[in-house]
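Kindly generate the complete structure, drawing on both the sequences and the hints.
Last residue of the sequence shown: 277 (numbering that gives the first Met the number 0), numbering continuous.
If you are wondering where the hints come from, they were derived from the structure by calculation, not from laboratory data. For every residue, glycine included, the Cβ atom is placed at its ideal position computed from N, Cα and C. Everything hinted at is true.
Okay, the calculated beta carbon distance ranges per label pair:
#  : residue 1 : residue 2 : range
1  : 74        : 173       : 10 to 20 Å
2  : 198       : 24        : 24 to 34 Å
3  : 187       : 78        : 38 to 48 Å
4  : 74        : 241       : 12 to 22 Å
5  : 53        : 32        : 25 to 35 Å
6  : 245       : 267       : 15 to 25 Å
7  : 44        : 74        : 12 to 22 Å
8  : 256       : 188       : 38 to 48 Å
9  : 217       : 264       : 34 to 44 Å
10 : 11        : 267       : 14 to 24 Å
11 : 37        : 79        : 16 to 26 Å
12 : 256       : 171       : 17 to 27 Å
13 : 173       : 237       : 22 to 32 Å
14 : 198       : 48        : 15 to 25 Å
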Amino acid sequence: MPTDTLPDLTTAYPVTDAQVAAYRSNGHVRLTQVATQEEATAYRRPVASTVERLSTETRPLAERDSYGMAFLQVMNLWRHDESVARFVLATRFAGVAARLLGVPRVRLYHDQALFKEPGGGYTPWHQDAMYWPLDGSRCLTMWMPLVDITPAHGGLAFATGSHVDGPLSDIGISDASEERFDRLVAERGLVVDGPVAMRAGDASFHSGWTVHRALGNSSTQMREVMTVIWFADGLTVLDPANPAQANDLASWLPGLAPGALAVSAANPALGGPSGGGV
0 MPTDTLPDLT TAYPVTDAQV AAYRSNGHVR LTQVATQEEA TAYRRPVAST
50 VERLSTETRP LAERDSYGMA FLQVMNLWRH DESVARFVLA TRFAGVAARL
100 LGVPRVRLYH DQALFKEPGG GYTPWHQDAM YWPLDGSRCL TMWMPLVDIT
150 PAHGGLAFAT GSHVDGPLSD IGISDASEER FDRLVAERGL VVDGPVAMRA
200 GDASFHSGWT VHRALGNSST QMREVMTVIW FADGLTVLDP ANPAQANDLA
250 SWLPGLAPGA LAVSAANPAL GGPSGGGV
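So, in structure tokens, the structure goes:
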């Protein structure tokens, strides 16, 4: 699809002070129609076609481990397709991220499509920033379905307030992380904000340290979700605390060493309108 026929995602999304406060207190917030249904539908085709082109997963679901059953995962689609890049680099989305973080601009970390197949398994509890050589409290993820979904498609659940203590485990996404965080959520008496129905273009935003999981897909439809991860401009690269962070450093912050400013051609600075207050 020619990029000039796609919707322009530069207009501001009005984030309220109450929504900012909810994000900072809870570690997550859901916002309606960050993209309109029409906009999300227009970008669904290039995202899905790029996922189909780049995905290397060929195993039947029954032959995969819990991580493999959770979703078809394709990263940095924006580097492979101009139409997807228009979505990922949208100033509207970056403006929401900057507003929630309370900074003038953010930098792209990477994008990833997370398509959960019909019959796909649950996504175990985890913290995203366990994988990132950055200050996870200054990073956040937008999770946007490109189709209407119900909880049965594999909606997200969040452990409210779990972001405040930073890293809580060094276990990657697995059955072991599910067991670890199940215990932690119970021990701390954390409230779990369960999955909700979402229209195409609705989005949730969660902090890098927010513990979250997703249900399996018990529907007959693919759960087509696009995510974008940003970090506050001005962060420095941290010493990798585990092999996953070392891999991320090489992949998403190319050419940078610990202690360097997190600035590379792969991490463009994105400002833009954020709507409402400071």
